[in-house]
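Engineer: Each chain is listed here by its residues.
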Amino acid sequence: MLSNFLQKQQYNCVRNFTSRSAERIVKQQLQEIRNAGTWKAERIINTQQSALIGVEGTYNKVLNFCANNYLGLSNSPELMQAAKDTIDSHGLGLSSVRFICGTQNIHKKLESMIAKFHRMEDTILYSSCFDANGGLFEGFVDPVKSKVAILSDALNHASIIDGIRLSGKAKRYRYNHIDMKDLENKLIQAQDQEVRIITTDGVFSMDGDVAPIEKICDLAERYDSVVMVDESHATGFFGKTGRGASEFCNVLDRVDLINSTLGKALGGSSGGFTVGKKCYIDMLRQRSRPYLFSNTLAPAVVGASIKVFDILLKSTELRDQLEKNTLYFREKMTKAGFDILAGEHPIIPIMLYEGKLANEFADEMLKRGIYVIGFSYPVVPKGEARIRVQISAGHTKEQLDKAIDAFVEVGKLKGCLKK
Amino acid sequence: MLSNFLRKQQYNYVRNTFAKSAESVVKKQLQEIRKAGTWKAERIINTQQSASIGVEGTRNKVLNFCANNYLGLSNSPELMEAAKDVIDSHGLGLSSVRFICGTQDIHKKLESMIAQFHRMDDTILYSSCFTANGGLFEGFVDPVKSKVAILSDSLNHASIIDGIRLNKKARRMRYNHIDMQDLENKLIEAQDQDVRIITTDGVFSMDGDVAPLTKICDLADRYDSIVMVDESHATGFFGKTGRGASEYCNVLDRVDLINSTLGKALGGSSGGFTTGKQCYIDMLRQRSRPYLFSNTLAPAVVGASIKVFDILLKSTELRDKLERNTLYFREKMTNAGFDILAGEHPIIPIMLYEGRLANEFADEMLKRGIYVIGFSYPVVPKGEARIRVQISAGHTKQQLDKAIDAFIEVGISTTTITRLEPNGSKKYLRFLENSTNFYFPVSSSGDEAIISLYSDTCLFDLYFTTGMDYPTESDDDKLKLSKTQKSHACLSTISLEKKETKNNAQIAQLLYVTSKTDNTTNRLAIKVTVQQTTNIEKTTASLVISVILLAICCLITMIIIVFLSRKGNTDRKR
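If you read the sequences in order, they're chains A and B.
Reminder that position 218 of the first sequence reads as 218 in my numbering, one-by-one numbering, no gaps.
If you want my numbering, it's the 1-based position in the second sequence plus 419.
None of these hints come from the bench; they were simulated from the model.
Each hint should be verified, as a subset may be incorrect.
As the list claims (entries may be wrong) - To give a feel for the contact side, a few chain B residues facing chain A, derived at Cβ under 10 Å:
hint, residue
1, Val445
2, Leu449
3, Thr477
4, Asn479
5, Asn483
6, Ser493
7, Ser495
8, Leu511
9, Ser515
10, Ile759
11, Arg775
12, Leu776
The structure presented is a predicted model; accordingly, all values stated were derived computationally and were not measured.
Just so you know, even glycine gets a beta-carbon here, dropped at the ideal spot from N, CA and C.
Generate the whole structure from the sequences, applying the supplied hints.
Structural biologist: Dropping the structure here:
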């Protein structure tokens with residue numbers, strides 16, 4: 001034991017002595033992040049996710065306005081029960097990729113429900129939409145055998161950007177944010193390729209603005225291109241029956257592929273998927289790397305998600321409640337004099353422009369029992385710092401009023417109101 | 420409603436008409452995959468994951484030998500209860516990335532337990548180890564500000580390869596599989612970079628071989644490099660206390676970063692992590708893209724994982740059972756005659772070499788109630804197809820015996836398993852039973868054969884004959900090579916030297932085995948390695964002799980010339 005101890009000391013000494021290049025560099029870069037004021041600290045929540053949460057370090061509970069818990073389902077008793085029942089029936093985990101021994105009947109059932117919901121042919125499940133985006137572009141068409149062009153909106157989500165970066169030999173184009181003229185030019189340029197994919201967020205997560213998917217589909221048809229929409233901030237609650245930005249723009253039947261998540265509105269535990277034509281999904285099953293080399297979705301998540309789609313296929317009640325809440329909040333905040341990017345989505349950016357102000361504002365809001373986060377450079381462009389509010393169907397009118405009052409109070413304090 | 424219907428038809432028509440480029444390209448490539456025989460079909464399981472599972476399409480349950488369920492925890496009642504309790508206390512999901520509102524107390528608790536288990540400072544959680552690998556290389560050091568070199572084993576997991584690809588500015592170097600000389604050369608080349616990271620699987624998933632981590636750490640110390648080990652096929656069950664290949668190689672305290680998964684041995688639901696020094700983990704929390712832009716780990720998974728680490732920190736019982744099962748299975752299969760890559764890991768590749776054989780073998784195994792999968796090109800190199808068996812602590816001895824018997828049974832019904840070795844020799848493996856006379860073409864003239872026989876159930880005689888025809892009882896050329904013997908130790912190796920025939924004609928040689936039994940069943944495996952050496956030796960020998968003769972001739976010629984010229988000089992002088 002003594003020799004073990006001495007050996008460990010020796011090795012620690014050796015490791016500390018010789019690894020110091022990397023360690024020193026990392027420590028230096030950490031310091032730079034702190035100095036730049038872009039350090040992200042984590043607050044620890046000691047309750048379930050809900051409209052009202054307990055945060056370590058604050059005495060009372062606070063109202064949560066920065067979760068993707070759009071339908072308030074993250075602690076739904078019904079879904080929790082479904083998850084527990086599925087653990088009992090199908091076990092804790094599968095310890096396998098899909099094609100070896102990781103497919104249970106519930107996976108196939110969920111895939112068919114998601115396809116049915118989106119009026120598509122088939123679905124492929126992933127552990128997150130981040131993985132779904134990561135696996136799509138390289139898996140979709142073999143870029144060694146066919147020439148592929150990927151046209152991506154400049155403000156697409158990080159996971160789409162990473163997915164495109166993994167696509168190897170594909171030709172990559174970036175078009176200016178929702179600029180259809182630029183997209184058209186790039187489509188014309190890409191005509192020498194065999195396959196073109198236009199990829200866009202359905203709803204952009206920082207501004208809450210909706211992609212002009214109808215125009216994108218028009219262009220796609222004119223220039224022979226596949227359209228892929230990431231509906232992570234839309235599935236379940238946006239559009240007339242919650243079928244996403246594609247439904248909102250009336251083009252659900254013209255979009256070829258939809259990627260979305262089960263980890264936001266639809267329960268929030270984990271999971272993602274790609275849904276589309278059968279041949280596309282078949283191809284992804286054969287070639288998508290996260291699908292082939294990563295664990296299958298856990299039974300509990302699948303069971304809860306089946307329940308969610310059960311609910312969504314039957315009623316739009318939650319989605320309607322969210323819409324009401326959203327309209328109410330937007331109206332009140334605009335009247336109060338805040339600068340809000342116009343729109344209909346539950347993502348509501350309260351523009352404060354200056355980074356330091358955004359952070360201080362958020363701190364003041366927390367003191368008043370409202371949990372919000374300030375976003376500044378580099379997450380959003382310089383000079384466009386904001387507090388991004390996310391409304392939930394789980395928020396009551398009183399809770400919305402409390403938030404609005406707090407905003408007004410702090411707004412007056414900081415001199416941010418328009419009047 | 421009619422207008423909606425008509426519009427939908429119109430749009431479907433439009434979409435079908437206009438999108439047909441991509442669709443036809445995809446359909447064509449699907450067809451190519453089918454033709455190449457590499458199509459992956461999914462079997463649907465209708466029970467919990469366990470040693471014994473129900474598969475749709477088979478009436479009875481089958482024994483599962485291809486899950487990463489190494490400790491048998493995927494349906495552990497204890498873990499399932501823990502998951503359900505945490506759903507009740509902490510909810511279904513968090514719908515948030517970690518740094519916004521996605522961190523609960525249980526996440527911090529799990530991170531600290533994982534760090535404690537690995538004797539590291541801190542841990543960062545991800546939704547899978549695939550994601551952990553994806554986020555590490557770009558997040559670790561800002562490649563714009565510092566020059567980074569990443570040195571990666573050529574057989575590393577796909578997720579590591581993808582993670583490295585996401586770091587465009589880093590200098591990427593690949594070293595030959597577990598080749599320390601090549602790694603050293605690449606480390607020397609990379610000395611102009613600010614930071615070097617060596618990354619390797621702890622245990623490689625296709626062969627079950629272990630990375631030489633001691634030597635890697637030595638090199639890392641000498642050349643100032645970080646060592647990152649992916650312990651996905653090791654955490655929880657490999658190494659003396661299940662702390663992974665790093666522990667197995669005695670370098671747990673010298674490795675800088677460990678990536679691993681909660682989705683294999685540790686419950687199998689989902690989740691992954693990176694554990695290491697505090698400053699490295701802090702950096703990943705600030706920069707790792709999957710961590711910043713993807714959902715936090717679900718409470719149920721966190722709760723079950725906390726329970727797992729509770730169990731692992733207290734006892735090595737499961738890990739010990741797995742080790743016993745592994746040793747037992749390896750020993751029995753080796754003694755039965757199968758070609759198994761040597762090792763101690765529960766990943767046991769049963770080599771069949773030919774892709775179609777591997778698939779057919781797996782199908783036959785399923786008929787006998789054993790669920791295994793054949794792996795062939797491109798997952799493994801051409802000519803190295805196999806059935807990859809994965810042992811679990813959940814397997815009982817009876818279940819292991821059932822599998823072994825099924826393997827032997829299918830082996831008997833299979834035609835000869837053939838392998839072309841890299842050095843040009845051929846290896847044949849054949850399973851026989853019940854007094855079979857098996858005729859085996861050994862070679863053409865000049866070959867050498869090494870024969871190994873495996874049996875613990877029967878007596879056998881081994882004969883060798885020359886001639887094209889099958890020998891008869893009265894065949895004078897019949898040469899009995901071995902005495903009738905019964906081998907309990909299951910292995911006899913006989914080296915056979917070919918004798919040249921009188922007329923040097925190329926004739927086929929036949930080897931045949933006949934087994935007698937005093938039992939009702941008997942099994943015998945015969946392995947023959949045929950090596951063609953003589954021709955090459957002869958050629959080499961004749962070449963060498965020619966060169967020597969030529970040298971001697973030149974020398975003699977030179978001596979004569981010198982002698983003659985001296986004689987001429989002497990004559991002139993006179």
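Engineer: So, for every hint listed, does it hold in this structure?
Structural biologist: Hints, verified against the model:
no., hint, in the structure
1, Val445, "holds (5 Å)"
2, Leu449, "holds (6 Å)"
3, Thr477, "violated (13 Å)"
4, Asn479, "violated (16 Å)"
5, Asn483, "holds (6 Å)"
6, Ser493, "holds (5 Å)"
7, Ser495, "holds (7 Å)"
8, Leu511, "holds (5 Å)"
9, Ser515, "holds (5 Å)"
10, Ile759, "violated (20 Å)"
11, Arg775, "violated (18 Å)"
12, Leu776, "violated (19 Å)"
Going down the numbered hints, you'll see the structure goes against 3, 4, 10, 11, 12, while the others check out.
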